[in-house]
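**Student:** If you read the protein sequences in the order shown, they are chains A and B.
Heads up: the first sequence at position 75 corresponds to 75 in the numbering used here, and the numbers run straight through without jumps.
Heads up: the second sequence at position 54 corresponds to 54 in the numbering used here, and the numbers run straight through without jumps.
Please keep in mind that the hints were generated in silico from the structure rather than gathered at the bench.
Please note that the accuracy of each hint is not assured.
In the BS3-like style, the derived pairs of lysine-lysine whose C-alpha atoms are separated by at most 30 Å in a straight line are [unchecked claim]:
#1 B:K80 to A:K60
#2 A:K82 to B:K20
#3 A:K60 to B:K94
#4 B:K20 to A:K60
#5 A:K73 to B:K66
#6 B:K34 to B:K73
#7 A:K49 to B:K34
Which bits of chain B does chain A cover? Going by a derived footprint, with three or more residues having C-beta under 8 Å, they are [unchecked claim]:
#8 50–62
#9 82–95
Even glycine gets a Cβ: it sits at the ideal position worked out from N, Cα and C.
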Amino acid sequence: MKSKKINSKKNKSSNFSKLSIFQPNKYKFKKTCPLSSKGAPIVDYKNIKLLKRYVSENGKILPSRITNISQKKQRELSLSIKRARNLALI
Amino acid sequence: MNNYEHTIIARQDTTASQIKQIKDKYSDIILKNKGNIVQTQDWGLMNLSYFIKKNKKGNYIHFKIKCDGSLIKELEKNEKLDKNLLRFLTVRVKNFDLKTNYFLKDNKTNEK
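Using the sequences and the hints given, assemble the complete structure.
**Tutor:** Rendered as structure tokens:
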């Protein structure tokens with residue numbers, strides 16, 4: 001038991017050592033598009049669960065500067081959201 | 001020949017037999033005009049997010065069709081006149097994904 005605890009402490013300390021003031025920006029902000037990576041969900045007008053994440057409470061489409069979606073995917077999204085609206089899904 | 005996804009919404013107070021009639025009617029039109037029905041999905045009675053012609057809910061029927069563009073014109077011409085339908089939507093797609101049905105789970109929970 002004791003040895004395990006020590007190990008965990010060691011791990012923690014090693015994690016802290018990685019954090020420094022001089023680290024590059026990419027560790028601070030996650031600015032990749034969540035829909036462009038491999039294995040990302042397909043943008044489709046039937047996939048309401050996905051579309052609802054990118055719509056405000058009033059039903060407006062959220063701008064890509066807030067959601068960090070790439071320009072190509074944002075175009076796809078806005079088209080499929082409009083289709084879903086027409087079918088009264090959103 | 002193109003691939004189309006075609007969805008229609010029927011009124012909330014249509015009975016099950018009427019929905020079957022509607023389904024048969026439009027699949028007949030498709031087959032007469034040399035179209036291929038790849039798949040049909042019944043999404044069932046779902047809540048509309050806003051009122052359409054004083055309807056709160058709607059019966060959704062979804063077709064996946066392989067046909068020419070002239071058939072879609074014919075279909076939509078008939079659907080515009082149909083009083084049992086609220087809306088329709090056709091979308092051209094490159095490939096069908098026949099596996100996923102986003103609305104299956106909702107139906108099961110409703111039945112339970």
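**Student:** What are the numbers of the hints that this structure violates, sorted from low to high?
**Tutor:** Numbers 4, 7, in rising order.
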